[in-house]
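Let chain A serve as the given structure and place chain B on it in line with the hints.
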Amino acid sequence: MGFLKEAKTLMRQNVREYGMYIALVVIMMIFTITTDGLFISSRNISNLINMTGYIAVLAIGMTLVIVIRHIDLSVGFLSGFMGAICAIMMMKWGWSMWIAIPAVLIFGILIGCVNGFLVAKVNIPAFVATLAGWLIFRGLILWVTEETGTIVISNPTFNAIGNGFIPDIANLGFHLLTVIIGIIAIGLFVWSEFRARMVKQRYNFEVVSMSIFLVKLVFISVIIAYITWILAGYNGLSWTVVIVAITAFIYHFITTKTVLGRHIYALGGNPEAAKLSGVNVTKITFWVFCSMGMLSALSGVLFASRLQSATTTAGTLFELDAIAAAYVGGVSAAGGVGKVTGSLVGALVMSSLVSGMNLMGTGIYYQYIIRGAVLVIAVVFDVTTRNAAAKTAK
Amino acid sequence: MTKYILEMNNITKEFPGVKALSDVNFKVEEGEIHCLVGENGAGKSTLMKVLSGVYPYGTYKGDIVLGGEVQKYSTVRDSEKAGIAIIYQELALIPDMTVYENIFLGHEIKKGSTINWNETIVRAEEMLGKVKLSVNPEELVKNLGVGKQQLIEIAKALSKNVKLLILDEPTSALNENDSENLLELLLELKKQGITSIMISHKLKEVISIADTVTILRDGKTICSMSASKGEIAENAIIKCMVGREIDNIYPKRDFHPSDEVVLELKNWSGFDPKQGREILKDISMNLKKGEIVGIAGLMGAGRTELAQSIFGNPAEYRLKGELFIHGQKKNIKRTSDAIRAGLAYVTEDRKGNGLILIQDVKQNISISNLRSIASSGVINQNEEINIANGYKEDLNIKTPSIAQTVGNLSGGNQQKVSLGKWLFAKPKILILDEPTRGIDVGAKYEIYTIMNELIKQGMSIIMISSELPEVLGMSDRVYVVSEGRITGELPIEEATQEKIMAMATN
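So the protein lines, in turn, are chains A and B.
Residue numbering for the first sequence follows the numbering used here, beginning at 1 and increasing consecutively.
Residue numbering for the second sequence follows the numbering used here, beginning at 1 and increasing consecutively.
These are computed hints drawn from the structure, not numbers from a lab.
Given the structure is predicted, the values throughout are model-derived calculations rather than measurements.
Derived, one-sided and incomplete: chain A residues facing chain B with beta-carbon distance under 7 Å:
1) Lys257
2) Val259
3) Arg262
4) Gly278
Each pair of labels, with its calculated beta carbon distance range:
5) Val65/B - Asn123/A: 45 to 53 Å
6) Tyr445/B - Asn14/A: 37 to 45 Å
7) Asn123/A - Val122/B: 39 to 47 Å
8) Asn386/B - Asn123/A: 37 to 45 Å
9) Asn143/B - Pro125/A: 18 to 26 Å
10) Asn267/B - Pro125/A: 35 to 43 Å
11) Met198/A - Lys426/B: 24 to 32 Å
12) Asn123/A - Gly377/B: 26 to 34 Å
13) His256/B - His252/A: 52 to 60 Å
Simulated coverage check for chain B against chain A, where a stretch passes if three residues somewhere in it have a Cβ under 8 Å from a Cβ of chain A:
14) 333–340
15) 375–388
By construction, the Cβ of each residue, glycine as well, lies at the ideal position given by its N, Cα and C atoms.
Just chain A, same shape as in the assembly (with noise of 0.2 Å):
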């Protein structure tokens, strides 16, 4: 097969795939050509980044929510909640952040719970459980602020988790420990899809030939080492990008090799199938709410941190966000289909988009209604592409 007739092929098989990176750097390279390069600057990059976290950490939980055919409405606000939370604990409670941060996210998974039994246990529709639990955090998080209104955090160690940066090692007008980190993250890249593609071939699976592979490596690594080269020109990795990368390996982890993850794909896919297999529905039902309260908590303690303080308004419309994000990273609304690392991506064009339109002064109307259309193609674009691919399967 000719280079050329297999991409193509390759591109049509995978084109739901492909095509979020293609729009993803689409949007950045329009961006980039009408703010005069203003987008791609090291400066905007890291903001961008460091912006997305907290929706990106509940994109990830939300894609497991959807994954098992649920919802989950109250993370928006239980984030706030527990953003104010953690901030009480270390203001007003005078905890160190090192107790305060695990206590709140143990207080996540708690809450997490509740869902989980309403859904799972009381089978209450995941919507309304949650839509409750929105109301409830809305109000828990006004209670809570309501002596002091926004609670101002003035603990620099906590602060940096949003604001900050990891330090370099040396001083050389660049920052050297985040190319390392590059240098390291493209050669485990590299390393892992060799191992990968050298397990297919031992197995006789299809692989794409050579040149193909090799193009993707390239093409893959050149992108890293770009951002890499971006961010080490300003401050170097954000702790943000730690923590949501951590987060974001732990749950690929999760999802593509453990047995927890084989059941909760199960199930999304099929749940009778998945019951009748020996899946206890009940249980993966709740593990994944507890694990989005987690994930809730956590994202609350990030945008505490980045704005080192904890608002009476936290939490506003994080939930839509992150469903959003996970719905344009390629969740399927009907079940069992997406990926942790595509919902990254898509809340990386979500944020894309706003970061984008502020820096060419697009009125805040333009700016949804922008946000929106997206989000309508990226879900036709799916189901129109998931649709031809069962066409040409049979």
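Relative to the frame of chain A, chain B by itself:
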């Protein structure tokens, strides 16, 4: 000369790959009760769907003549307008609406552009009188029993000025009292000049009320009998129903089961709160090591419910009685308990609840026993590939690779994946529910060969099947189920299609 209200001439209906009806002739006299009888898959429902316009004109060959005129329905509404009403097994009432709202749903009585509720209630009472049902028309349908709901369906049909009333197994969900009431009502309606077609598996009922019986088999009209000529008799009907050719497609096996009982049910009864009725009644049966026990019976007899109740699904079933596996009493609450106890259940509906169609072959096979290839929760994916490839070889699953999405495979190969998935759970007792439904002869033969191979290895198999030749060809022993009861047990030497059918329609 007899006057036919309905003539269906040379009806042929094809689905991709299957001829569901071939050249069927079906004639109904005015004012009679005509029973349509046949095994599962004989084409009864398809014929009724052709008649009611579910399959519109043009998708079948042949003519429908109603009252002397050729009919060309493109929707169900057209056939309703012509005076045809079908009452399906699954009642089409809205539980949270009142009786009168249900009766006139879809053809509301209007005054101007709004509904005239007073007139509706008065007319509803009139209709309820016709079906001899004394309930308050303002009662909610969900508060009534199945028997009464059925009557409301009939009232609904009558309110549309029905000429031809079709009932699809109307008594299958009813108790004896309700069944008798219903049959009496049909005779009463006959006096009022309404023609009925009744599909039924219960031959006693058929014999008691039918003026004419038409028997379908494999999509063909086999024979028609008339009561006035004294032709209707149980034996004759059964003979027409079964007579399916037994092909020589069953691999021989020279292996005999041992006497060791591996599974035993004692006085097993089950109540399904969703259907609000007892689905299993006092069932006692056993299975020996290395044995294939066939469970025969017609659709809706409770065979699948029996299998699922043993397998711990659905959890809502209220079960009584005892289950012994390898002599030990077991209390199976969920499917994972059943799997641990050495049971496996290959479902009849592989697309609905058997396989995860959007996942690949490998993932479908491993799901039943992931923990065996995982250490501290992390799946050994190389091992998984090895296992899936192993089953692909053993079961001869035809797929380009185990990374293929299961939804893209043919029916026979999907069934093999489903089988592979359960073999991977390493069961001692395998329950196969309609193991060869909808797959071609070649794949059937392969599945039978695999079954023989498995019992040789010491497994025991319960095979549920609607296909009598399959039951006779593969089983060591046969249980016949009818209306949630075991109505007979036959060693294979004594089993014949006629005997089984007689027990199944009991």
